Amino acid sequence: MPPTVGIPRGLLYYYYGDVWSGFIRRLGAEPAVSPETTRPVIEAGGSVDEVCLPVKAFFGHALSLADKVDLLFLPRVVSVAAGHYSCPKIIGLPDIVRAALPGGPPLIAPTVDLRQGRRSLCRAIISAGQALGRSPLYSLYAWQRAWQEYRKPAAAAGKPAGLSRIVLVGHPYILNDRHICMDIGGKLAAMGMEVVTPDKADPRAAAQAAAALPKNIFWNYCRQLAGAALTFLAASPPPDGMIFLTSFACGPDSLVGEQLRRFAGRRGVPFLLVALDEHTAEAGLVTRLEAFTDMIRRRRP
Amino acid sequence: MNVTFPHMGTLHIVLKAMLTTLGVRAVPPPPISKTTIEIGARFSPETACLPFKTTLGNFIQALEAGADTILTCGGAGPCRLGYYATVQRDILRDLGYKFAMIVIEPDLASVWQSIRRLAPGGIRPLWPAFRLAGAKLRALDAIERAACRARPRAAASGDVDAERLRALAAVDEAATPAAAAEAVASSLRRLEGLPAGSGPPPLKVGLVGEIYVMLESGVNGDLVRTLGRMGAEVHPTMLLGDYVDTHILRDKAALRRSEAVAAAAAPFIGHYVGGHGMKSVGHTAAMGRTGFDGIIHVFPFTCMPEVIAKNILPVVSVQEGIPVLSLAFDEQTGEAGTVTRLEAFVDLLRYRRKRQETAAAAQKQLN
Ligand code: SF4
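Heads up: the sequence lines are chains V and R, in that order.
Going letter by letter, the first sequence gives residues 1 to 301 in UniProt numbering.
Going letter by letter, the second sequence gives residues 1 to 367 in UniProt numbering.
It should be emphasised that the hints constitute simulated quantities derived from the structure, not laboratory data.
Be aware that a few hints might be false.
Claimed, not checked - Covered by chain V, per the in silico footprint, the following chain R stretches (three or more residues, Cβ under 8 Å):
1) 125-132
2) 256-262
3) 269-281
4) 302-308
5) 312-319
Being a predicted model, the structure only gives us computed values, none of them experimental.
Yeah, the Cβ is synthetic: ideal placement off N, Cα and C, and Gly gets one too.
Throw the hints in and build the complete structure from the sequences for me.
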């Protein structure tokens with residue numbers, strides 16, 4: 001029987017999950033991704049203290065896998081580009097999980113730090129393969145194939161359809177986790193809004209916009225968000241509104257969100273900040289969205 | 001040019017010496033008060049951390065008092081501190097203040113540029129400025145350490161506080177490095193001479209965590225003094241000098257010390273997580289092995305590196321057998337609440353010590 005390797009459905013899973021699964025399969029193991037987030041998952045993750053909702057959810061996912069898998073796949077992604085870091089909580093994730101899950105399955109937690117060049121990625125791939133008894137060459141080849149197979153080309157931006165256009169900014173692990181984000185995208189669509197998300201921005205333009213900022217946003221993933229938001233704001237006509245969906249206790253967003261609010265203000269684009277935690281009530285969220293979309297409609301000539 | 005800067009403990013004495021020698025006027029913000037925190041919080045993003053809000057409050061109060069230039073630090077992540085200045089500048093501009101901002105980024109070119117801007121009369125006074133500032137920094141640390149030692153031993157801990165304030169003022173006034181050293185020496189003599197109290201031997205408590213909250217009594221409920229009054233000898237793991245030695249001067253001995261701390265942290269935390277999160281874990285483990293009674297871990301609410309430490313410290317506490325109290329601070333943290341928690345913790349430490357002593361005595365009788 002091949003060993004099963006658990007992949008918690010949270011945080012960077014939403015960036016690299018498919019590649020990770022493919023890689024593990026090619027190494028001859030069985031990837032097991034936890035099912036979608038539910039309330040009990042988040043409640044179980046609540047034993048991790050004072051962290052943001054996505055980290056709580058992540059821990060809940062890790063917990064739900066703990067007694068079902070032989071190993072947990074939890075790479076420590078320190079940095080994916082020179083001069084940039086992940087959020088500290090993402091860097092410390094393996095340590096948090098280890099401390100909060102004593103007696104859990106062993107972790108495959110290689111460090112990826114591309115500030116030190118691509119060698120770090122190779123080392124990480126090799127050490128992950130080693131944990132599953134594979135040779136370095138075998139592992140590198142497996143990664144190469146998995147990366148080619150699953151890296152999806154960025155989707156092109158949708159055409160404006162005459163509807164009011166709202167840019168919904170947030171980390172993929174918030175926006176794509178329907179439970180965490182309470183399906184805010186669906187709710188906005190039901191209110192007759194056209195919703196665009198950061199993944200629809202042209203990555204080149206987004207990177208350029210982020211590079212033009214007076215100070216480098218050194219959190220890689222936040223930098224991508226900010227760059228995408230800026231390209232949308234720079235479009236003419238600008239979008240009709242911007243919603244920044246974040247989590248209470250999110251460090252990077254607390255400052256980057258403030259900057260985005262100012263950028264939106266300078267372009268005359270209405271801006272709404274929604275901060276989520278496990279106590280956020282759906283009814284309250286709907287009321288705020290309705291008020292915001294009403295206001296946008298009234299502004300339209 | 002009227003230059004201001006954020007408060008952090010007694011740092012203003014050091015910066016004032018430096019700036020004044022360079023030939024610019026230093027306008028330290030008023031000491032941090034409730035008002036400072038209120039003003040700062042009012043104009044900050046709600047979920048920013050406490051040092052962001054408090055230092056913004058500092059800047060507003062200093063600009064109101066006539067400062068026209070802000071000197072502050074930058075950073076390259078992953079802690080939020082590196083992004084403070086950018087956001088604070090925008091907030092202050094939008095509030096209508098006119099000022100220049102000098103942000104010292106952690107690279108040589110930027111440091112040099114900042115120095116040139118701060119030394120309009122040329123860089124000749126640079127060396128004396130560094131020497132005086134350095135001497136004052138050492139003096140301040142020595143006073144802090146001596147006060148921590150004296151408080152739990154003195155008959156009246158208030159005498160220690162009064163002496164400390166007197167010494168700080170003397171260091172502030174010292175015009176030469178020698179004068180600063182002399183101010184400390186005589187202050188240490190006076191502290192030695194204070195009448196001793198009759199309480200039990202002091203508890204040894206390590207203070208770990210985020211440097212700003214650790215050093216700034218205006219936001220930490222004056223925790224070092226409070227603990228001293230309760231009979232605990234506090235060992236702050238980070239004073240100004242420790243920071244300067246490790247991060248700016250890259251002093252050999254200091255670097256060796258921080259390597260040792262990293263090694264103690266390694267079984268619990270496998271990588272640098274920004275700020276001082278790894279140090280908090282390392283110091284706790286190391287102090288657990290060297291006869292400390294307990295550890296107090298302080299940090300700003302939502303501080304990312306320290307939240308990681310907080311989630312790991314319970315494991316360290318069990319494995320090393322040392323009690324740890326984690327305290328998060330935000331603008332609503334009242335002094336009263338902090339005191340109650342500290343009291344309970346000190347009681348626990350006293351109880352543990354007594355139990356250990358009884359156990360040791362019983363063991364002795366058996367042998
Ligand atoms: S970036 Fe924010 S939401 Fe994401 S892990 Fe870090 S603190 Fe949590």
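Checked hints:
no., hint, in the structure
1, 125-132, "violated (count 0)"
2, 256-262, "violated (count 0)"
3, 269-281, "holds (count 8)"
4, 302-308, "holds (count 6)"
5, 312-319, "holds (count 3)"
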